[in-house]
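Novice: The residues making up each chain are set out below.
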Amino acid sequence: MIWKKISLNKREIMEKFNNTSDLVLYEFETNSNIKMMACYIEGFIDRELFDRDILKPLILDLKKVKDIKRTILTSKIKEIDSMENLIEDILSGNIAIFAEDLPLSYTIELSKWEKRAVEEPESESVVRGPKEGFIEDIFVNKSLLRRKLRTNNLVFEDLVLGKQTRTKISIAYLQGIVNKRVLEEVKKRLSKIDIDGVLESGYIEQLIEDRPYSIIATIENTEKPDVAAAKILEGRVAILCDGTPHVLTVPRLFIEGVMTSEDYYVRPYYASFLRFLRVTALLISVFSPGVYVALQLYHQEMIPTVLLISMMGAREGVPLPVALETLLMVLTLEVTKESGVRLPKAVGTTVSIVGTLVLGQAAVQAGIVSAPTVIIIAITAISEFVVPALVQGVVLYRLIILLLGSFLGLYGTTCGLIIYITQIITTESFGIPFGLPFTPINKEGLKDSIVRFPIWSFIYRPKAIAKRNIRRQKPPRKG
Amino acid sequence: MDKLNNQYEISYHQAVLLLILYRIMVGFTHLPAASILPGNQDIWITILFSTFYTILLCLPLLYLSNKFNSLNLIEYIEKIMGKTIGKIIGIFYVFFFLYATILLISIFVEILDAAIFPETPTWVTASMMLITSIYIAYKGFVAVARLGEFIIPFILVMILLFIILGYKNYDFTVLLPILKDSKFKDINIGAIDIGLRYFNILILTMITPNLKDKKDLNKIFFRSLIYSMVIASIIVIVVHSTLGIEYAKHVNFPFFTVTRMVDFGETIQGFDSLYLTSWIVGNIIKISGYLYFITVALGQITNIDNRKYIIPISVVILIIVLLLKDNKPILAVKQPTQNIITIMAAIFIFILPLIILTVYLFRRKKL
Amino acid sequence: MKKIVLLSFFILSLLLTGCWNARELNELGLTLVIGLDLVDDKVLVTAEVVNPTYSQQSSTTTGQGSYVKYVQGVGNNIYEAYRDITLKFDRGLSIVHNRVFILGEDFAKKGLVSQIDELYRDVEQRETAYLLVAKGGKAYEVMGINSGLEELPSNYITKIVENFKYNPKTVDTNLVQYIKQYYKMGHHSIIGTIEKKEKKVIDQTVEKTGTQDYELSVIGSAIFNEDVLVGYLNGNDTKSVNFVMNKIRGGIITFPTPTAQVEGSSTPPPPVEGEMPNKQKDQNLSSVIVIKNNTKNDVEMVDGNIKLKTKIELRGSLGEVVGNIDVAEKENIIKLEEACSKAIEDGIKRAFKKAQKEYGIDIFGYGLVFHRKYPEEWKRIKKDWDEIFSQADFEIEVNTDIIRTGLINTPINKIKGK
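Residue numbers (our numbering), protein chains in the order written: chain A, 2 to 480; chain B, 199 to 565; chain C, 7 to 424.
Calculated directly from the structure, the hints in this document are not laboratory data. Where is the CB? At the ideal position from N, CA and C, for every residue including glycine. Watch out, some of these pointers could steer you wrong.
[Said to hold, decoys possible] Across the chosen pairs, the derived CB separations fall in these ranges: (1) A:Y214 x B:G280: 26 to 36 Å; (2) B:F352 x C:N252: 28 to 38 Å; (3) B:K381 x C:K253: 27 to 37 Å; (4) B:N525 x C:D46: 53 to 63 Å.
[Unchecked claim] Quick list of in silico lysine-lysine cross-link-like pairs, DSSO-like style, CA-CA up to 30 Å: (5) C:K363 x C:K115; (6) A:K36 x A:K11; (7) C:K190 x B:K378; (8) B:K563 x B:K417; (9) C:K355 x C:K420; (10) B:K378 x C:K115; (11) C:K363 x B:K366; (12) C:K315 x C:K359; (13) B:K383 x C:K190; (14) B:K410 x A:K181; (15) C:K379 x C:K341; (16) C:K253 x B:K366; (17) B:K366 x C:K165; (18) C:K313 x C:K360; (19) C:K116 x B:K447; (20) C:K363 x B:K447; (21) C:K360 x C:K336; (22) A:K448 x B:K277; (23) C:K385 x C:K317; (24) C:K348 x B:K378; (25) B:K412 x A:K468; (26) B:K378 x C:K341; (27) B:K366 x C:K171; (28) C:K363 x C:K336; (29) A:K468 x A:K444; (30) B:K366 x C:K355; (31) A:K468 x B:K417; (32) B:K447 x C:K388; (33) B:K366 x C:K420; (34) B:K447 x C:K298; (35) C:K341 x B:K366; (36) A:K164 x A:K132; (37) B:K383 x C:K116; (38) B:K277 x B:K265; (39) C:K388 x C:K341; (40) B:K381 x C:K341.
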């Protein structure tokens, strides 16, 4: 309900906004003596354009109140007749125009705020492939995605989440390819969200995931438009969230954790080798400290003789029991990692020097830590960095496996392994089994798992995800 | 909620792999076949030969499951025999499953205690294993099926690896002369003995309603039987040609001993750790499957969600295993536990189903 | 939630009461060689334990201490002797990596199988450990000698046993092979020997430590009747047994070089008695390196007479030729091949005669061949096989193919065309 009187409107808006200081209510009079008022939020709009293209024509040219739309030449003008919508529009960077004796208001979209330029995302850098990344602005992100998929089938469905933050959310998918069940499920779960604030897509992730208690994330996120486009092409749904460069894609498969976009741009042999390496690295990273302790404490017969003798030599005089020693070193590793991330870059180098000294030479020479332990921890750390997408699960499982290994040897680590695998394969992400394509086995999916077949052999989309319109390309001609 | 009927559909692959695993774990563990009749170099032939007897002994159950392919064992017994008798027989089957599971766990724990953790008390090893199994059983049949589908190929590859890497320990001449030293009667007795231990048919009848394609039932049965018998036979050949026939009978865990002797290029040893891992994994899949079927059978008899039974049953199993294990060795001293299981298997796999089948044939019109 | 708390309490209590079997590496006495002896009818166990402190410091300090320590224990059986050690030695013995058992002669003569059950029962002991008999002495007498480059005496022993593949004058029987042979009817086991030998003094100023004056040799083998040590075979006889048992994977055969002028078998077989064939005066010897060997054994029964047959197919390369013979000619190669076959034949016949007459037991495994061929008759005669064996006829056929001649053809002591 918009009042006819500007003063009433002004009072109500001021009331609604609790007299906030960044709200601008600018009253003016046109040459034809019409009292008007513009209302916007400081810093949300392009002031230059406002002065030139709105204020100037209005003051100079406006003859009658009805002619407002004809005077301001813009396509982004809307008539608003309720206060709620008006406030919403103002908050998303529109300018509201009131005129005396006009029971409605015009809002003109003129938003402009400070934003980062499109640049290479730090978390997913590639050697080959597009270097651009999503930014914090959802409109830019949408356009980035649209540029990858220039088809009328690409659909963005917008909604607003967060009672206080009023964050813009957009669901992106390809009409005709997307798995309808997943899409319905996404919409259903999103509509159930009733939270006061959504500051990052991580909020949404935790609110809509299948297994809220699971250590493993069942929703994938990416900062790269080409990755998001590839996922959408496979029939997945992307969820864009304003204010963060991380775009969610669902459903997620476990194997996605060891994939990178670059795998598809390089030769298939090398890509397959890299993926195999990443899987191995994942296993090493989770299991090596636990298995190391288990072998050393319980299964000396399984260590080759020469290695065992040199390990015994290294352990002579080390005061701590090996389990405790390894646990401390694992924790030290985490601390070092964390400090490296949190500290300003300038101090970061200091951390690495201190870390090297603490973890390495000095500790060994002082006889506090045995050299093999340091080597194992180093291998663990290096392997972990190969699979950054899975780090969260890896670190916690490593500790669990280490505990089990130090108390029950290989038996414990094996039980841990089984529980780990069970958890992975029984999880479902929006109705799609997480363990695909390995279990339940899916031949088409196996072509793009640990081994990446050449692009020409991907005739079909992964069947389990995209149920319809399954064909990607014509089968290559034989001979 | 988690009734067996209206839930996860198991594919042909998963069923075959599970049944193969359930069968060969025995050979992978303590290889009772090494000391059956005829007790000489022809045991591997006896195992292949036993396929025939196994099929024969399993026919009644297989026929019934084909007839009632939307019901599992417990359900169609109830349907054929009537509510009360059906329930009683069902409870007997539950006890049989329970007994088999307890024996399985006892052997598992015994090997762990003997080979790896001589000083660790049994309750620790047993409860660690049960916790893992409970976790899997809680996740439902989907966990068992998918775990099997994912892991069993690795286990099979591991067995293949041991067989290939152990090549230089082989002396195939111990297997000669073929079929000359053993009497035909002995081979038959041995084959029946093995045929009777095919508990897998009970598992198959339990998962029949969950099959994606019910027509696969016979295919699954025959394929898995033949594959597993061939693998078991190969294991026996490997054990015999590595350890010799007589020593293979003395060893409690023949395949474990074989893997201990495997090395690669004389420097890379420790293949027994791989064996140990795959052996533990295989056994846990087997035990959690059994645990699941016990609770499902119980749940169906009492019409209660099967998950409510998992923990109480596990506690019961743990207590019995502890009582049993602290008494005497199960494996080395075979009487009476091993004999009981053979008699029980004869009753529950052949005789009882035969009776049920007769009843079914008489009452066919009414059902 | 309550369940989760309960469960985690249970798991935690499980874990916290754990560590029963944990053994820290610095509480371990890693044993690599064990010697078993009989002393006053009691078992004396001598164990070679690695000294990890020393192995760590080896690069910086030398001279003090040693890589290994020797500990001994006495008991009525092996296990008791093992446990006796715990009261004398500060670290618990870990025999998980024990690779060699050295049996004293007395110990072996008392019968093995009744005494070494423990070695098979103990889960720590690997089945691949080698068995060696200390020829003519006690096990502890040969332990501790290291004249190789390996830092640990155990590695030295293991390596020289494993050199079997270059020189088949020994056998590498391990625990499983021994028990396999023992259980086989119609085959008696032979296991390796180890012997202390004095070294020729090289230069006192360079090598001055006492133990360096001795070296170990694993040439030859020990014969067991059932499980009792009855005698020894020398190196050449051991090689012959290995030939019959089709175990030859390498090694050389030395034979007198046939001369080009004289026809056929004019060169008499050299009397070979000792470890090496004694070279006669003015006799030239040649050697063939074994590339591949295949032996087929057969048994034939004609009118109650048993005939043992062995056929050997050997492929070799010329290793050394001394004499007046032009290898570039085809006939001469054939002559060399024949001479090589003859040498193998003679060696095997000699070993066979020794087994037949001296010991009267079948160490070649012909009984198994008989079993395979005549399973019905075998059931009747298997008890008396050794007797039958010692009276059986023997036939051998050796066929040598020389397929390479090395880098030169005609021996260097012969001028071509002369």
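Novice: Can you give the numbers of the hints that this structure goes against, from lowest to highest?
Specialist: 1, 4, 9, 10, 11, 15, 20, 21, 22, 24, 26, 28, 33, 34, 35, 36, 37, 39 and 40
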